[in-house]
Amino acid sequence: MDITLAVSAMKVVGYGLGAIGPGIGIGIAAYGCCVATARQPELAGRIFTDFIIGAAMAEALALIGFVLTFIF
Amino acid sequence: MDPISALNDGVEELRQSFDPTLVIGPFTQYTLWMVIVFVILLALILPAARKVSVVPKPGFGLSNLIEYGYSYVCHEMGENAIGRGYERHIPFLATLFFYILIANFLGLVPGFKTSTGSVHVTWALSIISFIYFNYYGIKCRGGWGYVKSIAPSGLPAPLVPIIWFFELISLCIRVLTLAVRLYGNMFAGHMVLGVFALATSVFIQSAIVNMSFVTALPSIGWFALLFAMYALETLFAWLQAYVFTVLSAVYVGLATSPSH
Chain X
12 MDITLAVSAM
22 KVVGYGLGAI
32 GPGIGIGIAA
42 YGCCVATARQ
52 PELAGRIFTD
62 FIIGAAMAEA
72 LALIGFVLTF
82 IF
Chain P
370 MDPISALNDG
380 VEELRQSFDP
390 TLVIGPFTQY
400 TLWMVIVFVI
410 LLALILPAAR
420 KVSVVPKPGF
430 GLSNLIEYGY
440 SYVCHEMGEN
450 AIGRGYERHI
460 PFLATLFFYI
470 LIANFLGLVP
480 GFKTSTGSVH
490 VTWALSIISF
500 IYFNYYGIKC
510 RGGWGYVKSI
520 APSGLPAPLV
530 PIIWFFELIS
540 LCIRVLTLAV
550 RLYGNMFAGH
560 MVLGVFALAT
570 SVFIQSAIVN
580 MSFVTALPSI
590 GWFALLFAMY
600 ALETLFAWLQ
610 AYVFTVLSAV
620 YVGLATSPSH
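One line per chain: the protein sequences are X and P, in this order.
First residue of the first sequence: 12, per our numbering; consecutive thereafter.
First residue of the second sequence: 370, per our numbering; consecutive thereafter.
One chain only, chain X, in its complex shape (with noise of 0.2 Å):
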């Protein structure tokens, strides 16, 4: 096979492996948001910003990931 095809389909590859990680981790807090605005909808506004700062955070891994694609 091609190598340049080969180091390419590498790269798709490993992007996935490491979005698995952000993707398991960003469900985990969008399970805690729902289920902490259906108990306390006052905080609605809150809950989600704090949402969205977890969910930024685990994201910036699968990002990491996304540029390492390009860079290599």
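Think of the hints as simulated: they come from the structure by calculation, not from any bench.
Only a predicted model underlies this, so the values are computations on that prediction, with no experimental measurement involved.
Glycine included, C-beta positions come from ideal geometry on N, C-alpha and C.
Among these hints, one or two may not hold up.
Claimed, not checked - Pairwise CB distance ranges, derived in the manner of DEER restraints:
#1 M21(X) - I373(P): 23 to 31 Å
#2 F81(X) - Y599(P): 25 to 33 Å
#3 F582(P) - T48(X): 45 to 53 Å
#4 Y599(P) - I75(X): 47 to 55 Å
#5 G43(X) - M580(P): 51 to 59 Å
#6 P52(X) - I497(P): 34 to 42 Å
#7 N579(P) - I75(X): 17 to 25 Å
#8 I31(X) - L545(P): 32 to 40 Å
#9 V380(P) - F81(X): 16 to 24 Å
#10 F396(P) - E53(X): 46 to 54 Å
#11 F582(P) - T80(X): 38 to 46 Å
#12 T80(X) - W513(P): 37 to 45 Å
#13 S19(X) - L434(P): 43 to 51 Å
#14 P52(X) - H489(P): 36 to 44 Å
As the list claims (entries may be wrong) - Now the stretches of chain P that chain X is said to cover, found in silico as 3 or more residues with beta-carbon under 8 Å:
#15 501-507
#16 549-560
#17 587-600
#18 609-618
We have chain X already, so just place chain P on it with the hints.
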């Protein structure tokens, strides 16, 4: 004509149409769309801002709409994320929000491009946001106070340098994540829309060329996918503008709030 090879050619053409170095007139294409967004933004906001009144009048629909958007940024984003002293950051946040929102929605019109689908534009936006919250952090606490405040207070003394170092990395990585999140979502989303639209048209074309009705059947499925993705992208266009603005507000809040 074979639909699969036509699809391959089409994808190559699609990829070239997203090339940021493509020049239209005096600008590259994404700069052109950026300027168009600025013009639309000015044309919407300036007349609306002139007619702002305390009591909303009927017949000033646009003015009321802009006012609603501004107060949405003010309360949902600014007040929740920044806390006390949020008023002076609202003009910056509203500018970011409206620019990204209009750019994202403009990209959904067929034939148009979103300027946030270029990594250069989103880097510029995120660097502006980065400089803004660092500037206000230093202004609020002083230089050394801001450097110390990167590590959260109340830690045991031996842990402070380690945590400070990790927090510094997370602070510096914000500029990357802000830029790449917006760029990745917009670019990949529009690429997916393009590929689905291409697949729809390729099967119809090959059915017309080959005079066989059966060949066109897969395009019904592709069109359904395109329709669903379009709805999702409409949500994402709003969501990414919201997330970018809220995260900027949160970073400003973290940099300036006294409790942290």
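So, going through the hints one by one against the coordinates:
| no. | hint | result |
| --- | --- | --- |
| 1 | M21(X) - I373(P): 23 to 31 Å | holds, 25 Å |
| 2 | F81(X) - Y599(P): 25 to 33 Å | holds, 27 Å |
| 3 | F582(P) - T48(X): 45 to 53 Å | holds, 50 Å |
| 4 | Y599(P) - I75(X): 47 to 55 Å | violated, 29 Å |
| 5 | G43(X) - M580(P): 51 to 59 Å | holds, 57 Å |
| 6 | P52(X) - I497(P): 34 to 42 Å | holds, 35 Å |
| 7 | N579(P) - I75(X): 17 to 25 Å | violated, 47 Å |
| 8 | I31(X) - L545(P): 32 to 40 Å | violated, 21 Å |
| 9 | V380(P) - F81(X): 16 to 24 Å | holds, 19 Å |
| 10 | F396(P) - E53(X): 46 to 54 Å | holds, 48 Å |
| 11 | F582(P) - T80(X): 38 to 46 Å | holds, 42 Å |
| 12 | T80(X) - W513(P): 37 to 45 Å | holds, 39 Å |
| 13 | S19(X) - L434(P): 43 to 51 Å | holds, 46 Å |
| 14 | P52(X) - H489(P): 36 to 44 Å | holds, 42 Å |
| 15 | 501-507 | violated (count 0) |
| 16 | 549-560 | holds (count 3) |
| 17 | 587-600 | violated (count 0) |
| 18 | 609-618 | holds (count 3) |
Hints 4, 7, 8, 15 and 17 from the earlier list are contradicted by this structure; the remaining hints agree with it.
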